[in-house]
Structure formats: C-alpha cells, structure tokens
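Protein chains: 2
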Amino acid sequence: MPKHALSVTREDDFAQWYQQVITEADLAEESGVRGCMVIRPWGYGIWERIQRLLDDRIKATGHDNCYFPLFIPLSYFEKEAEHVDGFAKEMAVVTHHRLIMQDGRMVPDPDAKLEEPLVVRPTSETVIGAAFSRWIKSWRELPVMINQWANVVRWEMRTRMFLRTSEFLWQEGHTAHASADDAREHALSSLEIYRSFAEDCVAMPVVAGEKPENERFPGADATWSIEAMMQDGKALQAGTSHFLGTTFAEAQNIRFQNSEGNFEHAWTTSFGMSTRMVGGLIMIHGDDDGLRVPPRVAPWQIVIVPMLRDQHEDERVLSYCHELRAQLAQLTAINEPVRVLLDTKPVKAAAKRWGWVKKGAPIIVEVGARDVAGGNVSVLRRDRLYNEDGKLASEIMERHDFVDRASDMLENIQQSLYEQARSRLDGNIERGITDFAGLEAFFNEGGKYPGWVEVQWCRPTGDVLAGVVERLKALKLTIRNVPMDAPPADGDCIFTGRKAAERILVARAY
Amino acid sequence: MPKHALSVTREDDFAQWYQQVITEADLAEESGVRGCMVIRPWGYGIWERIQRLLDDRIKATGHDNCYFPLFIPLSYFEKEAEHVDGFAKEMAVVTHHRLIMQDGRMVPDPDAKLEEPLVVRPTSETVIGAAFSRWIKSWRELPVMINQWANVVRWEMRTRMFLRTSEFLWQEGHTAHASADDAREHALSSLEIYRSFAEDCVAMPVVAGEKPENERFPGADATWSIEAMMQDGKALQAGTSHFLGTTFAEAQNIRFQNSEGNFEHAWTTSFGMSTRMVGGLIMIHGDDDGLRVPPRVAPWQIVIVPMLRDQHEDERVLSYCHELRAQLAQLTAINEPVRVLLDTKPVKAAAKRWGWVKKGAPIIVEVGARDVAGGNVSVLRRDRLYNEDGKLASEIMERHDFVDRASDMLENIQQSLYEQARSRLDGNIERGITDFAGLEAFFNEGGKYPGWVEVQWCRPTGDVLAGVVERLKALKLTIRNVPMDAPPADGDCIFTGRKAAERILVARAY
Numbered sequence: 000m001p002k003h004a005l006s007v008t009r010e011d012d013f014a015q016w017y018q019q020v021i022t023e024a025d026l027a028e029e030s031g032v033r034g035c036m037v038i039r040p041w042g043y044g045i046w047e048r049i050q051r052l053l054d055d056r057i058k059a060t061g062h063d064n065c066y067f068p069l070f071i072p073l074s075y076f077e078k079e080a081e082h083v084d085g086f087a088k089e090m091a092v093v094t095h096h097r098l099i100m101q102d103g104r105m106v107p108d109p110d111a112k113l114e115e116p117l118v119v120r121p122t123s124e125t126v127i128g129a130a131f132s133r134w135i136k137s138w139r140e141l142p143v144m145i146n147q148w149a150n151v152v153r154w155e156m157r158t159r160m161f162l163r164t165s166e167f168l169w170q171e172g173h174t175a176h177a178s179a180d181d182a183r184e185h186a187l188s189s190l191e192i193y194r195s196f197a198e199d200c201v202a203m204p205v206v207a208g209e210k211p212e213n214e215r216f217p218g219a220d221a222t223w224s225i226e227a228m229m230q231d232g233k234a235l236q237a238g239t240s241h242f243l244g245t246t247f248a249e250a251q252n253i254r255f256q257n258s259e260g261n262f263e264h265a266w267t268t269s270f271g272m273s274t275r276m277v278g279g280l281i282m283i284h285g286d287d288d289g290l291r292v293p294p295r296v297a298p299w300q301i302v303i304v305p306m307l308r309d310q311h312e313d314e315r316v317l318s319y320c321h322e323l324r325a326q327l328a329q330l331t332a333i334n335e336p337v338r339v340l341l342d343t344k345p346v347k348a349a350a351k352r353w354g355w356v357k358k359g360a361p362i363i364v365e366v367g368a369r370d371v372a373g374g375n376v377s378v379l380r381r382d383r384l385y386n387e388d389g390k391l392a393s394e395i396m397e398r399h400d401f402v403d404r405a406s407d408m409l410e411n412i413q414q415s416l417y418e419q420a421r422s423r424l425d426g427n428i429e430r431g432i433t434d435f436a437g438l439e440a441f442f443n444e445g446g447k448y449p450g451w452v453e454v455q456w457c458r459p460t461g462d463v464l465a466g467v468v469e470r471l472k473a474l475k476l477t478i479r480n481v482p483m484d485a486p487p488a489d490g491d492c493i494f495t496g497r498k499a500a501e502r503i504l505v506a507r508a509y
Numbered sequence: 000m001p002k003h004a005l006s007v008t009r010e011d012d013f014a015q016w017y018q019q020v021i022t023e024a025d026l027a028e029e030s031g032v033r034g035c036m037v038i039r040p041w042g043y044g045i046w047e048r049i050q051r052l053l054d055d056r057i058k059a060t061g062h063d064n065c066y067f068p069l070f071i072p073l074s075y076f077e078k079e080a081e082h083v084d085g086f087a088k089e090m091a092v093v094t095h096h097r098l099i100m101q102d103g104r105m106v107p108d109p110d111a112k113l114e115e116p117l118v119v120r121p122t123s124e125t126v127i128g129a130a131f132s133r134w135i136k137s138w139r140e141l142p143v144m145i146n147q148w149a150n151v152v153r154w155e156m157r158t159r160m161f162l163r164t165s166e167f168l169w170q171e172g173h174t175a176h177a178s179a180d181d182a183r184e185h186a187l188s189s190l191e192i193y194r195s196f197a198e199d200c201v202a203m204p205v206v207a208g209e210k211p212e213n214e215r216f217p218g219a220d221a222t223w224s225i226e227a228m229m230q231d232g233k234a235l236q237a238g239t240s241h242f243l244g245t246t247f248a249e250a251q252n253i254r255f256q257n258s259e260g261n262f263e264h265a266w267t268t269s270f271g272m273s274t275r276m277v278g279g280l281i282m283i284h285g286d287d288d289g290l291r292v293p294p295r296v297a298p299w300q301i302v303i304v305p306m307l308r309d310q311h312e313d314e315r316v317l318s319y320c321h322e323l324r325a326q327l328a329q330l331t332a333i334n335e336p337v338r339v340l341l342d343t344k345p346v347k348a349a350a351k352r353w354g355w356v357k358k359g360a361p362i363i364v365e366v367g368a369r370d371v372a373g374g375n376v377s378v379l380r381r382d383r384l385y386n387e388d389g390k391l392a393s394e395i396m397e398r399h400d401f402v403d404r405a406s407d408m409l410e411n412i413q414q415s416l417y418e419q420a421r422s423r424l425d426g427n428i429e430r431g432i433t434d435f436a437g438l439e440a441f442f443n444e445g446g447k448y449p450g451w452v453e454v455q456w457c458r459p460t461g462d463v464l465a466g467v468v469e470r471l472k473a474l475k476l477t478i479r480n481v482p483m484d485a486p487p488a489d490g491d492c493i494f495t496g497r498k499a500a501e502r503i504l505v506a507r508a509y
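Protein chains in written order, with numbering that gives the first Met the number 0: chain A, 0 to 509; chain B, 0 to 509.
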C-alpha cells in the first residue's frame, strides 16, 4: 500500500478529505468574510478553463454576452411573487450609500439611507426581464439570446467551499422566444450544452432530466438539471435550465408584435452553471493524493520539475528543461495548444513534485542530471500514480519519444478519468427497487456510500407530492430528476402504489 | 459633405455625440438601477477583447488570477485611516441579509440585521492584504503577484456611461515584494503593461507619468497613470499603478522573515484598468458616423452583409458569402485568427450596413448578385468611409484579391487609427507657456477644445500645492501627471516663480 499525500482518505471521512484537497491543492480558503471564500490561483485557473470552454459553446449557439447591474431594486422583485418567495429569505440588502465616523467607529450614515433598498442579485431574471421589455418590440427581433458571467449572492447559513457559499461565480443565460415550443426547445438545448460540456470537458458523466415540481426554480414552468455522482455516492446538481413560460414576461411586460400585428407575451428561459462545478470536479476526480484535473480544464497540463542540486550541472538541466518546454508548447492536444509550465520556484524538487500531485496536474515531468545525460525524462501520469507494488509509477522515457506521445497521453488521461467516473455512475444506480421499504433498506443498509436508486412513480402533485417529499426527507433523500434517457414506466409508483408515470432518480445530494 | 449617420456631430456637442454613439452602436444603456448601466453585446464584446489581451499580458508577466470576496467587513477599512477617508464617502453598505413582507411591501427584516455591516468593495487592497498576511511567511515566497477581474462599486452622484458609473468592471493587480525598490520597479512595470496595451491594442496613444501628491490613491506612496487625449481635448486617465509602500502591510500585518531571519513588513503595489477604457476608446476613435473599433479589440473584424432581394439568386449569394466567411476565418491578422461574421439577420442590407458602420466594425463587405456573378466583393473600410466627393468609399475588389489582402488591411486599419490619435495628441500639447496668465489665456481663449499644456513647476507640497490645485480648479483644470519622457526642467515654476523641479501636464479631464 502506498503512503498517500493526504492525511485523510475518502473512505475515512469524505467531508474532511474534501476540505483537505481544497487546502492542499491551493484551490480556495476561508476569506474572513462570512460565507465568502478566496479562490486561489489553481482553483481560479480551473474556473477560467471552465469559463473559456463553456463560453465558447454558449457563443457558438448564438448567445451574446452582456453585463447587467449587481443591484436590483426591491420593486423589481415585488412584481413576481413566486420568484421573490423563493429568494427573499436569503438576500443581501444594501440600505446606505455612505459611512461616517461616530464615537470612533464607522457606521452607515443615517443621512445616506437609500429611498428604495437594493438587493445584491441572487439571479438576474428580473433585471434582465426589464431590459428584454425595452429591447423586444417585434417577432423579427426574436429570439433574443444573451448570457452573462457574474457574481451572485444568496445568504447561506451553512456554507461549504465551492458547493454553497454566500457569494459565488456563475454564468446565467437568458433568452426570449416567440412561442412556448421555441422556448421549451431552447431550454432543452441549453441543457444539452451542459451535458456535453460536463462530459467532454470536465470528464464528468451526468444524468440529464427534468426536476420534479417541488424542485423547480421559483417562477419556472419546468426545470431540468444535470446530476453527477460524487465518490461518496451523493448527487451534485451541476447545471440547471429553466423554461419560464410567460411568468417573467407578464411581470416585466415583455411583449412583442407578432407577424399578424397582435401583441403577445414572450416566452423566456434561463440557465446557469457555477463555481459549484469546481466542487463537483474535486469530488468526482480527486483521490487520496489530492486532486486530479482532467487535461481539458487543467490550467497547466504538463509541469516540468527540474531536479536541481545547487551544482554546476544545474545550468545544463535548466537549459534542457527550457528546450523541452518549448517543444511541448508547440504541440496541440484536444484541439488546443498544450499548456506547459516549467516550475523554477526556489523549492526542493520533491516538494514540487508532491505539490503538483496534490494539485492534480495531469502529467509531471521530472528532469535530473542523469536524465539530461541520457536524453531522457521521468514521466508521472497523475491518473496512474502508483504501480501495483505501491511505488510511484514514474516512467523513464526518451525525451523525443515523450514529446511525440504527450498529446496522445493527455487525450488518454482525459478519457481515462471520464471512464472511471462513468463506470462508477453506471455501477451505482440501483434499478431493481419496487417498493418504498426497498428504498428505505437500500439507503439504511447500503453501506457508507450507497449510490442512487432509479424507481418508478406516478408523478404526483400538490399534497401527495408534498407527502412524498417528506417521506424522502426523513431519509435525507431528494428526487434528483426524471432521467431523459430512461425507459418508459412499466410498473407501479413506489410511493402510492398507483400506476407509474415515469422513472425518477432518488439520492442523497449536496 | 457627406450626410453622416449620427444626428449630432462631435463639433456640435461632444457630450451629446458621446451619448449617441453609445446608443447607436449598441454599447450600453441605462439600466433603471441608479448609477448602473447595462453593457450590451457590442460594448461587452469590446470589453471581452480588452480583457483577453490585457489578461494575456498580465499573466505573461507572472501574475496569477484569483478571486476575492465582494463584501468587505467595515473593520478592515477602519485599519487604514487614509484609505478609508478616500473611499468612505461613496460606498454601498449591506446591513441586512433578509427581507420580509410588512404592510404589503418588502422591507429589510429587522431580525436579520448584520452585526457588522459589509461594504461592497470599492477596491480590494484591504481584503487582499488580509490574504497576503496569511500567505506570506518568508522571503522565499516573495514576490506574490496576483490579479482579479471583478465588479466594484463607488457610489457616484453624477454618472456617465463607461466613464463614471456606480458599479464598474475592472482588473485589479496586487503584489507584495521584499524591498521598496522591487515594489517600486514592479509598479513601473505594471504601468508599462498599460502603456503598451493601450497603444498596441486599443490604438490609444498615452502619456505615462507620476500623479502629483494630491491625486495619489488613498494610502499610496506614489501613483502613476497613463493619460489619453480625447477628441474634445480633455484628458482621460486610462489606467493607474500604485506603489503602496508599507501602508497596507502595516495595517494588515503583512510580514515576512528575511534571509537573516528577521521580520519585515512587505512592500505592496496595486494597479487597475476598468470599463472606463471603453469610454476612452469611443472618444478617441469615434467619428460623426459612430464608433470605429481598432481591429485588435473588435469583436468582429470583418462583417459580411449579403444583399438579398427575396429572389432565387439569394441562395447563390448566401452560399458565396458562406464560402467567403470560411476563407476569411482561416486567416491570421495581428497574431490571431481573423474574427469574421456573416450577418444573416432578417434586416434590410442597407440598414445592416449602417448598423455596422455605427458599431465601427473595421471592414464591412457587401455581397450582391452582381458581385457573385463577377467573382467580386464590395469592401468598405471603416477608417476611410468617404471619398473626397463625400460618397461612400466602397471598393469593388476581386474576391480572391480581398482574401489575400484582408489581413494586411486589418493591420493597416489598426495602424491608421493609432496614427490619427497619435498626431492629435502630439499636435495638441502646448509647451510654450511660462506663466500662469499664459495658462489662463490658453484655456479661456483656446477655442472649444483647447487640448493640454505642459508647463514647469516646483513640485510643491502641503498648502502651496493646495493653493495650486485651487487655482487650477477655478479654471476647471487638473494636473494629469509628470510625463516620464519629458526633458528635465530648465525654467521657473509657473505657479510660484521658484526654480522648477519638473514638467507637468495640465488639462481638463473626465
């Protein structure tokens, strides 16, 4: 058994392990400001990669980026009752615009009280709806499809880094369409962007499906999500897409003249993915040595660590490393130039190696005087860190051979991380449960990390649904979604015994 | 004389003209939220180009991107008196974290009052200083060089789009160093990033220099700026770099152990550039037909407008345009792939052409059935819109010839916009004034858009400086900076008659 780089294993204490990865991989830290984190360079670098790749996809499907105000007047929220009910309990409210000194302390200036308090945006449907109402006059302008990258604030009592913080970063897409069908279709196409992005770029297999009524976005007619399985068997909602009907169009007066000259309300959608994705990446790809970052979203894909000994060979080692870096930087892998770093910080080579292992750089290349003499490099793949004997699987390769193979190796690592996660997801969804007792038993007796179940239900609404939600809540379970690619129902509802309407995923979740 | 696309000319009313460009080029609009604007797709696209190019330069010089909290506890500000004096009068203060319904209206919940109010960051020295204090232990970790892209809020009573808004977007770099010399040198290197970025990418010639004492950033030991000349002769501060001494290190306890094992305060710097740059770009490159965007920061560099007539040739025109687009997208100009759009929106071709003229796309290519038949394209360069006879300078070129020349054309437009601005700057700095009466006369009698003056002064401090600032203020003038490349002083101070110490730029400014 290898001795691992972290002091807590996933098996021992998943929550502690998660926290340790975040610290040891320099992803984020507590900021001293309640509920807000500092995203450190490696964590932010991963987020920037996510932004770049997702942004390309959002733009390629015809959305334009814009920027809307951080502050939303209270009156905007009052217009849409259901929406405000969903958010009012957790918003930061700006009430003053100046501070003064009073008894040696700074306090909000009573003379600078705002006439109308401003809410720090928890999401931007209302303020973007107001813009849509100004912009949209005729069917000719539809669809309007925009997106913004922004910070949002939802006051949270219990926070966890990346997963639930008072301030977080996200992308929010907003669109308006001439018909319900167009809008609904668009919401599904946004979901598909998320599915393919999560799987292709983050190597995160997901289940795409519709949320049950009780989990809809406040004000939405329908909400879809992608759900990923973490290594502790819990689900993480990694992105959501909403068909908003005419809810916001009615509240914000978004109307257009149709081709017959009559006025209609527009049909709107919204969709969002956030820094939560980084938390998901950690819990899906991390191991007991730290993070493993899929090459497509790794800020550095290859890190070269020169093994210097304060001796005169150091110069030859360094120049060999510089040449290697230049060669690798010429390569293309997975349709982008390879991102390669030569780490020359004044830190010992072994500490650097383990630092990059914990950060999860896909390939770590060590170069010492002996490698230089033999024209070699020592290559460590982060997805195959140890040999079966528990020793580090560092492979000595001829330098030109490594350069020739580096692109393929990166593609292969991307693929292998995806496949590991895929088989974990596929292997941990129990589909054979046909009654509530079975469900109960599965989660009570299914071990520490039981996974998910897919069961059939009658798609109840109202009080019946509320009862189902309560029964699940007692087991700390929630309905994740109705998988789009599940076969049609053919049995009975495990909650009511009635004829089932569809299949749902039930799981513990973040 | 051509009839121009805007109804107000720069000569008529510069402020009105500026506003009209913003509206007609779809750059931004009022949001309905006091002091905040909506940045629309074309405006945001320019900002994204600025971000991308500036970010590359900031990263290439060793800065890592991070993200710090939006909210800053009041106590952080109280630690640094001078800093808070500079900002306290204009900050948004969050006092509550929940809303409730009261008498049918939403109000901040008195039970959810924060124990310590939170300030929406006007800048992040204090919260980043707190992080530096956690991160920095030893000289080995220095320098620490980070950057963040963020929104900040400074409550403004009078706002003007892009130039002065309560919320704006910016980049703020923050560094810590082991010595005063290192920090000062770094602050100057950041200024050089700004100078070269403004000139090379935004085609905006600037004067780099140190700000006088009264214009320093609150808490800084020295502040440098780049200043650009707008077409109305006013100055725009387009970026600033600050040497902060140990002010923030002392307030936030940023200390390190030096190589002898003793503890010292670190020396810090910060530097920022904001969405103000977009305002500067408008006022430096816009003309009476709208905006002209330098190719390096244009979201689309070439826009193809198919001239469709709802006839059967339309299909041939469109397929010709698609081929042309594909050919152009293969090209590289100014070290990047050419950004080319085929505009297929259901709008008349003439309206599209003028829309893109007003937006300032560098090259507009029109393609009609006759062009297709002849293998031609009609090319309009935005920097040379009219012939001398006042007619549109649309040039018919063979398609392959245009494709061959498009890259050069874009480089040439970039260069020509820079040169126009350069000769305006060089031609409008008066250097012959040797007394205050001359200065007064220059601005009172120098016409509508007088430009700048470079004069000599004794670099006064304290009350004498305050007196100088007052005298200038009466003329609506400010000292912009001490140009770094100006010759040494060789005369007398125009304010005091004493021997001069250096040369300063005096101007009206935004």
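Treat the hints as calculated values from the structure; they're not laboratory data. It should be emphasised that the depicted structure is a prediction, and the values quoted were computed from it without experimental measurement. One thing to keep in mind: the hints can contain errors.
Copies of the same chain are indistinguishable here, so a pair counts whether it falls within one copy or spans any two.
List time: in silico DSBU-like cross-link candidates among lysine-lysine, alpha-carbon distance up to 35 Å [unchecked claim]:
hint, residue 1, residue 2
1, Lys498, Lys58
2, Lys58, Lys136
3, Lys112, Lys78
4, Lys390, Lys112
Can you tell me if lysine 112 and lysine 78 fall within 35 Å by alpha carbon in one copy, between copies, both or neither? both (23 Å within a copy, 24 Å between copies)
Alpha-carbon proximity between lysine 498 and lysine 58, which holds within one copy, between copies, both or neither at 35 Å: neither (43 Å within a copy, 60 Å between copies)
Please work out whether the CA atoms of lysine 58 and lysine 136 approach to 35 Å or closer within one copy, between two copies, in both situations, or in neither? Only inside one copy: lysine 58 and lysine 136 sit 24 Å apart there, 43 Å across copies, limit 35 Å.
Pop the pair lysine 390 and lysine 112 into one bin, within, between, both or neither, using alpha-carbon distances up to 35 Å. neither (65 Å within a copy, 56 Å between copies)
Hints 1, 4 from the list above are not met by this structure, while the remaining hints are.
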